[in-house]
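A.B. asks: Sequences and hints are given; from them, build the entire structure.
Below, each chain spelled out in residue letters.
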Amino acid sequence: MSDSSLRLVWVYPDLLSTYGDRGNALVVERRARQRGLNVQRIDIRSDQPIPTSGDIYLIGGGEDRPQRLAAERLRADSGLPRAVDNGAIVFSVCAGYQILGHEFINDLGEREPGLGLLDVWSTRGEGARSVGDVLAESDPVLGLPTLTGFENHQGVTHLGQGVSPLAQVTVGNGNGDGSGTEGAWRDTVFGTYLHGPVLARNPAVADMLIKLALDVNALPAADTTWYDALRAERISAVGQGA
Amino acid sequence: MPGTDSEAAATGARDSSLPARSKLAVTAGRMAAAASKSIGRGSGSVIGGKVALKLDPYLLARLADHLDVVLVSATNGKTTTTRLIAEALRAAGPVVSNALGANMPAGITSALAGGSDARYGVIEVDEKYLAGVARDTSPKAIALLNLSRDQLDRAAETRMMAEKWREGLQHTDAVIIANADDPLVTWAASSCQRVVWVAAGQAWKEDAWSCPSCGGVMQRPGDDWYCQECGFRRPQPHWALQGTHVIDPNGSAWPIQLQLPGRANLANATSSAAVAAVFGVAPQVALERMQSVTAVAGRYDVVNYLGRDVRLLLAKNPAGWLETFSLIDGPPAPVILSVNALDADGTDTSWLWDVDYERLQGHPIFVMGQRKLDLAVRLEVAGLQFQVVDSAEEAVRMAPPGRIEAIANYTAFQQLRKVVAAG
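Chains as they are written, first to last, in this note's numbering: chain A, 1159 to 1400; chain B, 2 to 424.
Derived by calculation from the structure, the hints in this document are not laboratory data.
No incorrect hints appear here.
As a list, the in silico SDA-like pairs of lysine to any residue whose alpha-carbon atoms are at most 20 Å apart:
1. B:K165 with A:D1265
2. B:K141 with B:E168
3. B:K206 with B:P238
4. B:K129 with B:Q171
5. B:K206 with B:M161
6. B:K129 with B:S139
7. B:K165 with A:G1267
8. B:K206 with B:F233
9. B:K206 with A:Q1206
10. A:K1369 with A:P1298
11. B:K419 with B:L307
12. B:K165 with A:D1222
13. B:K206 with A:D1205
14. A:K1369 with A:L1302
15. B:K206 with A:D1201
16. B:K206 with A:P1171
17. B:K165 with A:R1223
18. B:K129 with A:D1222
19. B:K419 with B:D344
20. B:K206 with B:G223
21. B:K165 with B:S191
22. B:K141 with B:H67
23. B:K206 with A:R1223
24. B:K206 with B:C228
25. B:K51 with B:R136
26. B:K206 with A:R1203
27. B:K38 with B:K419
28. B:K51 with B:A35
29. B:K165 with A:L1266
30. B:K129 with A:R1287
Derived CB-CB ranges, DEER-like:
31. A:R1233 with B:A296: 51 to 59 Å
32. A:S1337 with B:G403: 51 to 59 Å
33. A:Q1319 with B:C231: 38 to 46 Å
34. B:E230 with A:A1395: 40 to 48 Å
35. A:P1209 with B:Q194: 45 to 53 Å
36. B:L343 with A:E1284: 27 to 35 Å
37. A:A1380 with B:P402: 29 to 37 Å
38. A:A1380 with B:G232: 44 to 52 Å
39. B:P222 with A:E1295: 48 to 56 Å
40. B:R195 with A:A1380: 57 to 65 Å
Yeah, the Cβ is synthetic: ideal placement off N, Cα and C, and Gly gets one too.
C.D. replies: Following this line, the structure appears as structure tokens:
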């Protein structure tokens, strides 16, 4: 974290920006600016090198073929692992989450190596695709309120010893491995199946990323009126099975 | 477009050349449609078509047999373009068309069963059904306008749709009229024998940054596009939209004078002129006839509601919203936004974040619909001023002077139409 500016890197929007992922970038940007931070947002296309000096990296969801292409290009570019070594924060969603793990099943039905930044591996679910609203209670260590989001994936993600689940689902499938867990995290690297996009539904998660980047325990207050109204409406609607 | 009932009823006597089984199927379908209509469940065209196809699975093929058929498919603009082409071809003879958007096989069958005297069939087809309908109807031409993300919670991925088109159409005898400015459409069409390329433009680019052929990163300088890795590139267009003119293959420029607003409709008119030429209708004649089209299934309709002019605009996905923003009156024209997430809309609202609502800066904005709170968060993050309301009436009463632009997604649009029609 340099001075009072935040470097926000959005990884490969040309490949991984299918489920409103731009929203996660916009929400982090907005909430950081509301705290008086100077935000530099850097969108990195998949033919450009990943900078290693970012504070927060966002990597989103995508279709099966772009996911394979993204994994190939990220493996060839060592920028993201080096940034994590430097203490950067990474927040990944769906296809991006799978890429951060050890491996996933690609569009050709083959095992595709990931980056190994999270101790997880993904397989293809045998049952129906997981599509729909999700409610989940986050890892108490993170101190976050109920997570709300929307999932749409065929993948099943298995967690190793080196990560903790991000949350436990109360509605929806999450990791889909039968354990009721949703997402995974370790130190400064996070993965989730929630889009919606997840940071617009859960501004506390956006604030958590900003706090980690600034290495502070608290941020000045920023209005959450509309987020709160949306959260209440979604939690109520989904809780009733709407 | 989702498989909704259309008001297109299956009426009219069927051609006597049909076999007995088909005649029976047409009659049974008509009775089912009438029964459905009489109990107030829409027009009955979809149920009528389903009953008829059950009795004679080859009915669609038989009905299309003596028609010169053109199919129209796309993510956006297919209903309007179908209407424009139908108007243009009426210069050459009677036309039957599923003009009101029932675009899956049952609705198409119903519509064709109602056009016994027609010479031309102008048929809008849902993207997912295009290959099958093309096989059944042996079309003379197929217009492919654009492909972009739409209802991702239930639809196939966008590139998969292009692949389905490519595989399903590669052996067709039809002339393909394809948008050369859309890399996904170009890729879908480029395995076909006879393609007429139209430079119809495409504002939305977010679904085609990777080469549909090899996956390479697409280079998109200006209006051009190409893949540096495999050489797949924008074909040389035969027809083009240039400003408000159609440029035909001879290089002649023809003015487009539409009552429908917006760049997207100029593009639709250009593709329609190219289609009309396949059927021997000259661009000048075709374009003149397109002038008569005003509202299409209520879209673009300006209605008087509570003493105010309200223009009804349908936008179902990010590409559609982008085109819609480019045609609305500038600030300070008041804007109503209404978004639902019912099954027919897709239940995932994440697409709201792909829409550049930032473009509404300076407009008084009123937000409504089942998912108004999703919209409220989106607009808050965009840094816009807005008011959340419970009804169109409340929005219109609060709106400052000027024509009101009301933009809604699919079911929200239908609801809005009903409310303003009831006054």
